[in-house]
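Undergrad: As a plain string of letters, each chain reads:
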Amino acid sequence: MAEKCSTLREMNGITDHIAITLVMDAAFSRHDTGGGDHPEVPERLHVIRHFLEAHFPEGSVSTVSPRPATREELLRFHTEGWLCRFEEAALSGRSFIDHPDNQVCYDSFEIAMLAAGSGPTAIDLVENGVPGPLFCCVRPPGHHAEPNMPLGFCFFNNCVIAVRYWQQRYGRQRICILDFDAHHGNGIQAAVDAEAETLYISLHEHPSFSFPGTGWAEDRGSGAGLGAVLNIPLPPGSGDDRVLAAMDVEITAALEEFRPDAFVIAAGFDGHRKDDMSGLSWSTGLYRQIGRRLAAWSREYAASRMISILEGGYHLSSLAASVGAYLEGLLGADSVQAVPQSRDREW
Amino acid sequence: MFITSYMTPSPVTIGPDETVVAALNLLEGHDFRHLPVVDGRRRLLGMVTDRDLRSACPSSVLSTSEQELILDRVKDTKVRQIMSTDLACLHPDSTLDDALLLFRRHRFGALPVVVEEERLVGILSLNDLMDAYSDLFGLGEKGSTLLALEVPGHDVALAGLVAVLEKNNIHCTRLVRTGGTGKDPARIYLRLSSYNMVLVRKLIRKAGFSLYQPPDIRE
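Read top to bottom, the protein sequences are chains X and Z. Each residue of the first sequence is one higher than the one before, starting from 57 at the first, in the working numbering. Each residue of the second sequence is one higher than the one before, starting from 4 at the first, in the working numbering.
In short, the hints are calculated from the structure, not lab data. Since this is a predicted model, take the numbers as computed values, not measurements.
DSSO-like, lysine-lysine: derived pairs with alpha carbons at most 27 Å apart: (1) K330/X <-> K145/Z; (2) K205/Z <-> K145/Z; (3) K330/X <-> K209/Z.
Bound-form chain Z, shown alone (with noise of 0.2 Å):
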């Protein structure tokens, strides 16, 4: 749960004053779009994204000799003079929901990891935490499968469930309780490490608990 497991440590950065030509070479070289500007202790000074430098780039819609004229005014443009300083940072002990809500609030692509007087010790993107959340939930795990149970009531003995199944040899991977607020109905979604889908749903009914069954679907 924590963004520690999932940040990109040591991220590729560029200095204030490296111009807008060096720092879109410095991008086209690698496989991001986000490059955090640090000063020489590698304090945190701001954001340049590839969109950034793409604004401040001539259009390639020019003919090459009008990108040559408009980029021979705008290559010595400074970093500084270009990046974001309005920024949302996480730290080392920041959990994926602490990333969520930021990404959800303030729509950027990316996020930095620092730790005292802002240095720079990693950076989280949005793929980033599609990976985690792909991992906390299980997705693409081979040999397992999804359940989604009805909740019986609001007090509900989730430990029961998990004991029966264990003892039975069959293993819960990831448990999630969704819903009940009243527009939602409650359910659980269980992911099993097992095939044996017949022992499972017998020890799901001795629980106490049902399958969510959808209605048939139909065209």
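For reference, chain X alone in the conformation it holds in the complex (with noise of 0.2 Å):
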């Protein structure tokens, strides 16, 4: 097992000074959106990229291009039907599927593919030993995609299939997927509502107001899944404040019930106070505290066996400052040595 670590990570050229591994790959930008006021670009990427090539020691970032997920895989979650579709509409020319908001191009099915590989390639990482955050950065996003159709600008559930691989792959069957983007994630929910083994909890704005109109607090899960559902919506305006209380009280309540094998962490930054996207006003700081109390669970739970796979998140310099932050988060108080902290400056 030693010699396979060994190897995987010389492959993915990963050394022991490495504190954070990208899961990303410049065909990312090749899903095209159609420019315009369309705000989910390629350039989201870019700048997460130049953030922390200029935030992060030299070296410490190591990046990993993902693999593209198996039809299989995909079928863990997604009909044939939405498969055939979506792929020939990208073949055939078609600008979207269903609604404007979902623009492609001709390579959108194959780059939604490789969106969808990277928790996978993600979790072969962390099982076979390679230390630190491991976060995909990738597009285009994925917690709104639901079995049949894509929704939110999101194709195919990039979460729901690294937590249907975790399973039948390594067997980790009782996974948390904590989704802290502005939005509720309506197709992970659709997947877990009904199953034991996953807890889906969810901080969003509130669902009176936020699209997609869905996870309300109400909500708790159905059948043999109740209780595995945690909503916790937030009404518009609402701050940092708002987000530790939920943290501190409710959210670790339901972890020390639940007690994950692994967590998948639905990353999205759009709940940001400068993101348009949404009406909630968090500040850069909060993604360092949502980082480090993650890192902390996943330690207390998981022997920290985590990966994050990047959503929502529109402001651009917002952005970059917000994953930056929550990356510092994530590697926590043994990697100050290694990651100078940045200066809590709005961007």
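Got two chains here, separate frames each, mind docking them using the hints?
TA: What follows is the structure in structure tokens.
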């Protein structure tokens, strides 16, 4: 096992002084959302990369290219019909699917498969002993995608595909999906609503106001999954305090009861006060605090088996700074020497 | 906006000379609490509720033998003896607002819907009304966003706002204007079937409106 770990790390250029592993590829830029005013743009990943290069010590961030998700992996959540419809729409030159929000280009099906494969790629690294935060820096995002349809810029549900891979390939059945994107992950909830083995926790802007209009506190799961969904809707204008209170009370209690084997984090950064995609009012520094808590929980319950997958975040400078703060938080006190804490200034 | 879309047509009814026990048995088999009382031609005579029927029966805190004794004395009570005859009714062309006003005024839990000669054609419960308003406001409409806008003045060209959105393929599925009475500021609530709030905010500003920004909420 040690030899296998060593080989995998060498293949991916990961050495002992690496603090963060990004699962990322230049190909993600090829998913063209038409320009204009569509906010889900390739620049989102570019600004993250540039920020990390500028603010983290040279050599402390390693990049691994993802493999595409296999058809079998996609079909664990999505339908054959959707796969066919998506592929056909992209290859036939359509500009969107079902709604102008869901812009596609010729390459979009292929690139979405790559985004969906990022979770399994990261999981393989975690299970083979790669230390430190694993962050899948991908697009298109995924948590709104449902089995048979796209929604809210999402086509394949990257987080659900990661969860199913972890359960099936490595036998980690009890997985917590924690989603701090400003919008409820309707697709993730749909996948896990009726099963006791997964816990879906989502902090999001209240569904009375916010897309996609789901994620009520009253929704706690159904059937065998009753109690396996924890929705924490927040009114427009909510700041850091509400999030921290929820993490320190409700979420702590839910995790203590559930005791997950692994964590998949739906990491969206559109709750930032400068991001027009939500009415939430979070600071850059909050994402550092979120990262710290997640790292502590993953150590306590799951021997640090945790991956994060990028979801939303559309105000470019705030996105970059917030991802940087989040990763600093994940690294925590152990890595203060390796990674200087950036000042909590607004970008 | 009309009650006919939300009422239960041809509801379960009971005759005036049926017994209280028969009425209770009828309610227990169904998921409602109001029974219209009608004659052979389905003309409305009154209403009995689950509460009326239970009031006419022995208390459950009594012993079984005591309950049986009392039940024996009341079991032949006719529905006509306990039904309410002071009723408020709706008609097929009544609106949801008509129903809401009646519910507020009379505190009933359900309203019968009648046509000529007081013939019963439906019933609308409070739950039905909640479903109706939930539909109207797009509650739980997946894939939509609700925005609150400040209203710039008393004369507002809402048509301009909707037009600029529609021109950009952003469809408005609900629009409500509230307030402006002095106590509450005027606001417009728009439900839009779009996720692209960056574009929406830009278009709203272009149309001369501004978003209502709630203050940062602190504990």
